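Q: Sequence:
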Amino acid sequence: MKPVATPEAPRSAGPSWAVLSLVALASACGGADPTSEVPEAGVSDGGLPAPTVDPRTGIVHEVGSVRVDPSWPLVRSCAPSDAGLCAAEPGRYVPLADGESEAVWRPSDGRYVNEPTLVRTEDGTWHAFANGAAGNGDPWRETSLLHASAPSLGGPWRDEPDALAARDPGALERQLWAPFAAREGDGWSLYYFAHGADDASWLRSARSPDLRAWTRDPETLPAGRDATVFTRADGTRLMYSVGLVRRADGEHDVVLLHASSDGRTWRAMDPALEQPRPCRASCWGFYESPFVVAFGGMYFLFTTYTDSSPRTYEQTAVFRSADPTRFEQPPVAVLRAHGGEVHTEGGRVYLTGGGWPGNIGEARRGMSRTPLAWARQP
Numbered sequence: 499m500k501p502v503a504t505p506e507a508p509r510s511a512g513p514s515w516a517v518l519s520l521v522a523l524a525s526a527c528g529g530a531d532p533t534s535e536v537p538e539a540g541v542s543d544g545g546l547p548a549p550t551v552d553p554r555t556g557i558v559h560e561v562g563s564v565r566v567d568p569s570w571p572l573v574r575s576c577a578p579s580d581a582g583l584c585a586a587e588p589g590r591y592v593p594l595a596d597g598e599s600e601a602v603w604r605p606s607d608g609r610y611v612n613e614p615t616l617v618r619t620e621d622g623t624w625h626a627f628a629n630g631a632a633g634n635g636d637p638w639r640e641t642s643l644l645h646a647s648a649p650s651l652g653g654p655w656r657d658e659p660d661a662l663a664a665r666d667p668g669a670l671e672r673q674l675w676a677p678f679a680a681r682e683g684d685g686w687s688l689y690y691f692a693h694g695a696d697d698a699s700w701l702r703s704a705r706s707p708d709l710r711a712w713t714r715d716p717e718t719l720p721a722g723r724d725a726t727v728f729t730r731a732d733g734t735r736l737m738y739s740v741g742l743v744r745r746a747d748g749e750h751d752v753v754l755l756h757a758s759s760d761g762r763t764w765r766a767m768d769p770a771l772e773q774p775r776p777c778r779a780s781c782w783g784f785y786e787s788p789f790v791v792a793f794g795g796m797y798f799l800f801t802t803y804t805d806s807s808p809r810t811y812e813q814t815a816v817f818r819s820a821d822p823t824r825f826e827q828p829p830v831a832v833l834r835a836h837g838g839e840v841h842t843e844g845g846r847v848y849l850t851g852g853g854w855p856g857n858i859g860e861a862r863r864g865m866s867r868t869p870l871a872w873a874r875q876p
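Residues in the sequence shown are numbered consecutively from 499, following this note's numbering.
Since the hints were made in silico from the structure, they are not lab data. For clarity, every value in this text was computed on a predicted model and none was experimentally measured. Honestly, I wouldn't trust all of these hints.
As the list claims (entries may be wrong) - Label-pair distances were calculated between CB atoms; the ranges are:
id, residue 1, residue 2, range
1, Gly633, Gly685, 18 to 24 Å
2, Gly597, Gly795, 21 to 27 Å
3, Glu600, Asp760, 36 to 42 Å
4, Gly795, Ala861, 37 to 43 Å
5, Ala632, Gly795, 27 to 33 Å
6, Arg744, Ser569, 17 to 23 Å
7, Ser575, Glu620, 21 to 27 Å
8, Asn634, Gly597, 23 to 29 Å
9, Asp567, Glu620, 37 to 43 Å
10, Asp697, Ser575, 47 to 53 Å
Heads up, the beta-carbon is just placed ideally off N, CA and C, and yes, glycines get one too.
Let the sequences and hints guide you as you build the complete structure.
A: Given below as C-alpha cells:
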C-alpha cells in the first residue's frame, strides 16, 4: 500500500502484513504491546467494573465499561422506530453492555466469521459480510468474503455464496480482509483490504445493485486498513481506516480520515484519533475496525485495540466527540468485541462482532451480538 502524505507528516497503512506473524515475537522482545502499558484494572465502588485507563495513553487494559454510577439513567429503547440509532436528548452518554453476548451466525461449512459488517435492505432483510476460513484463525487462509442473510439480526441466518474471492477470474487478491458494506446511491458499496502477490496490499471497493453480484472497482483507495464510511447529514462521507503516522519520536497508531462528497474522490484529513505513545519496536498498527455512530448530539468512535493476543483481542475502545473528524484520548468505555459495529433492531441497540475462535473461544465461533444501553452522565 502506498503511503498517504499530509502537510504535517507522512502517513502509511503500516509495514508489510508479513509482520502479523511476528507480533507475538515482537511483544516478547519488548515491542509495542497493548497488554503491558497499563496496570491491572480494579473495580469502582458503587459502579460497574472499570478498566484502568492510563492518562498518558488512554490505553485500557480489561474488557468492560468505564465507571458508570448506577444512578445514571439508561437509554435502552429505540421505540417507536428503529430506523437508525435511538433518538435521544443531547447529553454525555457512555455505551455499556446490557446483556450477554450470543452467537447468531455460524456458517454451515464450519468457517469462522472475522470482522463482520452488516447492512439492512428496505424490506428488513439483514446481510452480513466477513472474512473467514476453516480452523481457529489464520489471516493467510482468509481468501474470500463470506455472505449471509437473515430476516432479523438474531436469525435464522442463511449462508449465501461468497461475495468476493481470490479464486474469482481476474482477481488480483490472494487474501481479502475487513469488509465494510454501505448504501451508495441506488446500489451498495463493499470496501475491503486486499493482499496480493509480492506482499502488495490495497484498500479496494466493489459495487452491487443487490448485495449479491459484485463488480470490483478498478481504482484503489488512498487510505489505510479496515475502512468504514460514515455519512454526515449534509451528505459528506467520512472514511475512517487504521494505520501508522511517523512523528519525531517514532511511529504512532492512528485512525486515518478521508472525506468525499461523491464517494469516489477522497481527500486526506488529519487523523481522527492518534495514540500519543509511539510504538516501542516493530509495529504494524494495533488499531482495527473503526466504526462511528451518532447519538445524543455526539459522535462515538468504536475501534478495536489489540496486538492479536487473546488478552486484548476483543478490546474495543469507545471514544466520544462533538466533532466526527477528531476524537481525543482517553476512551469513555471499552467493550467486549472484535471488529464491533453498532446496529439497531426491534427497539434495541446491539454491538456485533466476530473473530478467531482461537482467541475468543469455540463457543463464540461465528458472529455475535451483545445488547447495548447508553448511560447518561450528569
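Q: Run every hint past the structure and note whether it holds.
A: Hints, verified against the model:
1. Gly633 x Gly685: 18 to 24 Å: Distance hint for glycine 633, glycine 685 is violated at roughly 34 Å.
2. Gly597 x Gly795: 21 to 27 Å: Given about 25 Å between the Cβ atoms, the range holds.
3. Glu600 x Asp760: 36 to 42 Å: The hinted range 36 to 42 Å holds for glutamate 600 and aspartate 760, with Cβ atoms some 39 Å apart.
4. Gly795 x Ala861: 37 to 43 Å: Roughly 38 Å apart at Cβ, these two residues keep to the hinted range, so it holds.
5. Ala632 x Gly795: 27 to 33 Å: violated (45 Å)
6. Arg744 x Ser569: 17 to 23 Å: Taking Cβ atoms as reference, arginine 744 and serine 569 lie about 45 Å apart, which means the hint is violated.
7. Ser575 x Glu620: 21 to 27 Å: holds (23 Å)
8. Asn634 x Gly597: 23 to 29 Å: Because 27 Å falls inside the window, the suggested range holds.
9. Asp567 x Glu620: 37 to 43 Å: Roughly 41 Å apart at Cβ, these two residues keep to the hinted range, so it holds.
10. Asp697 x Ser575: 47 to 53 Å: holds (49 Å)
Hint violations for this structure: numbers 1, 5, 6, all remaining hints satisfied.
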